[in-house]
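Novice: What follows is each chain in one-letter form.
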Amino acid sequence: MAQPEPSATAIFYRNLGWLRFVDRFGRKGSQTVEYLGGLFQMIGETIAASVSRPFYSGELVNEMDELGVKSLAITGLTAFVTGAVLAIQTAYSLEAFGGKQFIGRIVSLSLVRELGPILTALMVAGRVGSGITAELGSMTVTEQVDALRSMAISPIRRLVVPRVLAVVFMMPVLTAIADVLGIIGGLGIAVTSIGMTVQDYITSIWQQLAISDIFSGLGKTVFFGFEIAAIGCYNGLQVEGGAAAVGRSTTRTVVLASISILVSDFFLTKLFLAF
Amino acid sequence: MSTAVSPAEVTQARAARRGEVIVEFKEVWKTYSGRDILAGVNLQIRRGEVLCVLGPSGTGKSVTLRHINGLTRPDAGDVIVFGESIVALSEEELSPVRRRLAMLFQGGALFDSMNVEDNIAFPVREHTEKTPAEVSRIVAETLNMVGLPGIQRKMPSELSGGMRKRVALARSISLEPEVILYDEPTTGLDPVSSEKIAQLIVDVNHRLQTTSVVVTHDIVTARTVSTRVAFLHQGRFQFIGTFDEATSSSSPLLRDYFRAMGFPCGTGVFQAVPKGD
Ligand SMILES: Nc1ncnc2c1ncn2[C@@H]1O[C@H](COP(=O)(O)OP(=O)(O)O)[C@@H](O)[C@H]1O
Ligand SMILES: [Mg+2]
Chain F
1 MAQPEPSATA IFYRNLGWLR FVDRFGRKGS QTVEYLGGLF QMIGETIAAS VSRPFYSGEL
61 VNEMDELGVK SLAITGLTAF VTGAVLAIQT AYSLEAFGGK QFIGRIVSLS LVRELGPILT
121 ALMVAGRVGS GITAELGSMT VTEQVDALRS MAISPIRRLV VPRVLAVVFM MPVLTAIADV
181 LGIIGGLGIA VTSIGMTVQD YITSIWQQLA ISDIFSGLGK TVFFGFEIAA IGCYNGLQVE
241 GGAAAVGRST TRTVVLASIS ILVSDFFLTK LFLAF
Chain L
1001 MSTAVSPAEV TQARAARRGE VIVEFKEVWK TYSGRDILAG VNLQIRRGEV LCVLGPSGTG
1061 KSVTLRHING LTRPDAGDVI VFGESIVALS EEELSPVRRR LAMLFQGGAL FDSMNVEDNI
1121 AFPVREHTEK TPAEVSRIVA ETLNMVGLPG IQRKMPSELS GGMRKRVALA RSISLEPEVI
1181 LYDEPTTGLD PVSSEKIAQL IVDVNHRLQT TSVVVTHDIV TARTVSTRVA FLHQGRFQFI
1241 GTFDEATSSS SPLLRDYFRA MGFPCGTGVF QAVPKGD
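Chains as they are written, first to last, in my numbering: chain F, 1 to 275; chain L, 1001 to 1277.
Some clues are possibly wrong.
In the SDA-like style, the derived pairs of lysine to any residue whose C-alpha atoms are separated by at most 20 Å in a straight line are [claimed, not checked]:
id	chain 1	residue 1	chain 2	residue 2
1	L	Lys-1026	L	Gly-1077
2	L	Lys-1026	L	Val-1097
3	F	Lys-270	F	Ser-216
4	F	Lys-28	F	Val-255
5	F	Lys-100	F	Val-198
6	L	Lys-1130	F	Ile-153
7	L	Lys-1130	F	Gly-58
8	L	Lys-1154	L	Asp-1118
9	L	Lys-1130	F	Pro-54
10	L	Lys-1196	L	Leu-1159
11	L	Lys-1130	F	Tyr-56
12	L	Lys-1130	F	Phe-55
13	F	Lys-28	L	Lys-1130
14	F	Lys-70	F	Phe-80
15	L	Lys-1196	L	Thr-1247
Computed beta-carbon distance windows for the label pairs [what the hints assert, rightly or not]:
id	chain 1	residue 1	chain 2	residue 2	range
16	L	Lys-1130	F	Val-33	57 to 67 Å
17	F	Arg-53	L	Ala-1140	52 to 62 Å
18	F	Arg-53	L	Arg-1017	31 to 41 Å
19	L	Glu-1126	F	Arg-248	51 to 61 Å
20	F	Val-33	L	Glu-1129	41 to 51 Å
21	L	Pro-1096	F	Val-51	16 to 26 Å
22	L	Ala-1140	F	Phe-266	50 to 60 Å
Source of the hints: derived by calculation from the structure; they are not laboratory data.
Don't be surprised by glycine CBs; every beta carbon is placed ideally from N, CA and C.
Next comes chain L alone, as it looks inside the complex (with noise of 0.2 Å):
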């Protein structure tokens, strides 16, 4: 990306190229200790959506989005990533690629030797020329943009578990990247901040015009922030779709996990409820 051109004009060029596929899976098959983990996945992820991979917990969702920025290799298959195949690109040559993409991790990941502001200037400091002021600029903007401002000297351990992934949201979105891929967001986290952290998602993924993947077995998130949700099971995508159409679905499947995750489907209970944005 070049500084050159201003934030507007990247998110309009951004918003202009919006449903053209960014991510592919094509048949990927991951095994490990003899167990298939993703076993033929195939999945097609669009600019400027905001796709959930729904599943139970260890049937391979963090795999999946490892997938993404090259953090793991396949198996078999291919994953194209800005129209690139990346499962044979080494660790330096994945890095134009990754500059592209951010990732949330599922603790936050943050560099605990580090205060907040160094976290969030970390990426930037690494990968621009800006200077000093400029910097500074965008901690202060992406920390009021997460909602935390101020809280530049504190240190990681000195914040709660929400504030932390909200921390590393900020320091994510500091490069403008056109990809954030979350993993569990709103997972240990109390419903207040759970909704705080979803309508973050929402806002970033609008504001920034990025396109994001959120990986949850949230239900609540899920459907606060989703353009279309992934079911995962046994190694493949076993839906793709609204997360409407995911709730009406007759598939058994579906329909046991939802009751699972305490959703009456096909009740009309749960379609009454007015979807916030």
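This is chain F alone, in the form it adopts within the complex (with noise of 0.2 Å):
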């Protein structure tokens, strides 16, 4: 009863599912090894561009209002509403242990150390992140881009490196100002509706807040700020085709972007624990 030995092809055809999936596997390896690939050269170059001549500090001004100061309301807004709800939630999980007066301390910290720094930075990821694209990208497909080439002007000196310092330049500000909103959402809360006062709520905040905590805080953003910039302009850069091409850019840098950020956000949190 001795079975006859399956033939090669016999067992390629039998396998043959598995093989196709190996092969896309791959294929989806390789493309993702040649983006990250170009991805890098082009931090570098950026980063060999940003410390030499020209420079072109009228762009990098324009930038940090365009990608910095309009981006305020709705980082400030985000900031703002998730003191107010962290309030509210910490109040209510804390009031079975009378720990109504750490309001203060928790919303602070949490905002400081973590929300304020991510949230901004998905904000930010969301509306900068896939402006550049959008912009870079429409640039590139109708030949902007090459036209500065040919004109011996260097796209990564004039479009990338104002770019990526403004947005470097720009997020820890903005992450300041969300925090600070963020504690006055807070406060607002503990104030109207859970009966502190607002001595009580600046107080326990001033005995937990540490320098460090701040530090740590605004630290990561200056990465998570040349991650998205940095993953934009490549984005918009690497279009090709048209319109369409440019929209699928945009929505792929928002998506890479956003999980640079929360990847990222790991790792320096645990760097930044370790000073």
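Two chains, each in its own frame: build the complex with the hints.
Specialist: Here it is, written out as structure tokens:
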């Protein structure tokens, strides 16, 4: 009752589904490697270009306004509402333990160490990262980027460096403002519906908050800003095709930048805690 | 280029060197997604001429043009511009070469965040130390030259397709390049605008003593502007010669092409039309 050995061809066909899967996986993998290779090359060129001449300081100021100042409304609102909600939720969960006096501490600590930076970064990824990709993407497909190159002007210097630096500089500023607004949001709830005094709330913050909390929170955002702008610029310059391709790239920026923020947040948090 | 030399002297010096080879392709290959777009292209472009690159859509005319200023690098072969091989140069090293060349893109490629004045002034401000007064004089002059005086404050989005191309041409000539590369300068324009652009190409070539490479599939334009035409097909130039030689050629390839473009060749009808200049 010895079974005949299956032929090589039979084995091949039996495993075809698997082979297809492996092949597709391999292709995705090599695309990813290519993408990351290109991204890191652009980052290298950007760093080299940002410390040498010509440097477009006028563009930097424009972009700080366009990408930074004009994001204030959305990041500020997000933080303010989050602070208020945080106060309500904290009051609710601590009520049983009689821990209402800790509300100021908990709200401020969560905001300054974590929620302020991460929410601001995610909002900026949505507004600024996508905006950068859309703008550079449409410049790419209408050959404006090639036009720059044909005029012997580096798109990295002229387009990428000002945007990356603008977001890197503005992220800590936006986050600091967001932290303050969030704490004020929490204060509003603490005073109006929990019955704390302004004095109590602020005192409890002062007791808790250390300089290191503030710096670890703001420090992270520099990295977040860099990630957002670098991914946004790279996806914009990479667009091939027409308006539809610009749309897809824009979506990709928001997704990739958000993932990159969340993952790097984990490692940066661990890193900053080590100090 | 030194700024101390007067424009007249520059054009005189250029005129004296007419005919020398200014751009040369040697066995250039370029493959995109497995297809050989350029398959051993050889081409010499001479100073002072207007060379039209003809051929059906998608044959690699734009790709050829982009090799001249290094926007695209060949897979194999050599491109020599102003006597120097440019294929191995970095973007930074290409800068001096690119400053002597200008390219007019198919859609104009005007910077849509800037008005007409800033668009035209852009390369001048980047690469020279001219005063604001000189810059606005150059802008006004080039705009006059392309027949659009006084539109400095308009944004690109307010302009028609033909006007955009003319502003783009003004931007290209603002630094007085030695070679101008035109990618489909008349495609998508109505016949009247096409004719205007074609006249401008001839005019600019003559007045500034530039060399022009005009990629087009518009035969009327080629006829108006060309000193020579080069016909690209299946990755190679199948024909290089004057326009009249092209239309009277016995090559079935060329005859088919001209016929498909609506030009009867070899019937004598075409040659009878006087060539305006
Ligand atoms: N950057 C690119 N990536 C992939 N394919 C390209 C690229 N540029 C050109 N091609 C391909 O090369 C061919 C020739 O393009 P092109 O030179 O633009 O043609 P045309 O003669 O109409 O100007 C086209 O089929 C196009 O798909
Ligand atoms: Mg083309």
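Novice: Against this structure, judge whether each hint is valid.
Specialist: A quick look at each hint next to the structure:
1. Restraint check: the Cα-Cα separation between Lys-1026 of chain L and Gly-1077 of chain L comes to about 6 Å, which is no more than 20 Å; the hinted pair holds.
2. Taken as a hint, the Lys-1026 of chain L and Val-1097 of chain L pair is honoured in the structure, with Cα atoms around 18 Å apart against an allowance of 20 Å.
3. Distance hint between Lys-270 of chain F and Ser-216 of chain F is fulfilled; the C-alpha atoms sit about 10 Å from each other, no more than 20 Å.
4. For a cut-off of 20 Å, the pair hint linking Lys-28 of chain F to Val-255 of chain F stands: about 17 Å separates their Cα positions.
5. Only pairs whose Cα atoms come within 20 Å are accepted, and Lys-100 of chain F paired with Val-198 of chain F is accepted, the gap being roughly 13 Å.
6. Restraint check for Lys-1130 of chain L and Ile-153 of chain F: satisfied, since their Cα atoms lie roughly 18 Å apart, inside the 20 Å limit.
7. A distance of roughly 18 Å separates the Cα atoms of Lys-1130 of chain L and Gly-58 of chain F; the hinted pair therefore holds under the 20 Å criterion.
8. Distance hint between Lys-1154 of chain L and Asp-1118 of chain L is fulfilled; the C-alpha atoms sit about 10 Å from each other, no more than 20 Å.
9. A distance of roughly 17 Å separates the Cα atoms of Lys-1130 of chain L and Pro-54 of chain F; the hinted pair therefore holds under the 20 Å criterion.
10. In summary, the hint linking Lys-1196 of chain L to Leu-1159 of chain L is supported, as the alpha carbons are separated by about 16 Å, within the 20 Å threshold.
11. Annotation: proposed proximity of Lys-1130 of chain L to Tyr-56 of chain F holds, straight-line Cα distance about 18 Å (limit 20 Å).
12. A distance of roughly 19 Å separates the Cα atoms of Lys-1130 of chain L and Phe-55 of chain F; the hinted pair therefore holds under the 20 Å criterion.
13. Note on Lys-28 of chain F and Lys-1130 of chain L: the hinted pairing is violated, with a Cα-Cα distance of about 51 Å set against a maximum of 20 Å.
14. Taking the CA atoms of Lys-70 of chain F and Phe-80 of chain F, the gap is near 17 Å; set against the 20 Å cutoff, the hint holds.
15. For the hint linking Lys-1196 of chain L to Thr-1247 of chain L, the alpha-carbon distance of about 23 Å lies beyond 20 Å, and the restraint is violated.
16. Lys-1130 of chain L and Val-33 of chain F have their C-beta atoms about 47 Å apart, which leaves the hinted 57 to 67 Å range violated.
17. Judged by the Cβ atoms, the range 52 to 62 Å given for Arg-53 of chain F and Ala-1140 of chain L is violated: they are separated by roughly 30 Å.
18. Distance hint check for Arg-53 of chain F and Arg-1017 of chain L: the Cβ-Cβ separation is about 34 Å, which falls inside the suggested range of 31 to 41 Å.
19. Glu-1126 of chain L and Arg-248 of chain F have their C-beta atoms about 32 Å apart, which leaves the hinted 51 to 61 Å range violated.
20. A hinted range of 41 to 51 Å holds for the C-beta pair Val-33 of chain F and Glu-1129 of chain L, which are about 45 Å apart.
21. Checked against the given bound of 16 to 26 Å, the beta carbons of Pro-1096 of chain L and Val-51 of chain F, roughly 23 Å apart, stay inside it.
22. At about 59 Å, the beta-carbon gap between Ala-1140 of chain L and Phe-266 of chain F stays in the expected band of 50 to 60 Å.
Checked against the numbered hints given earlier, the structure breaks hints 13, 15, 16, 17 and 19 and satisfies all the rest.
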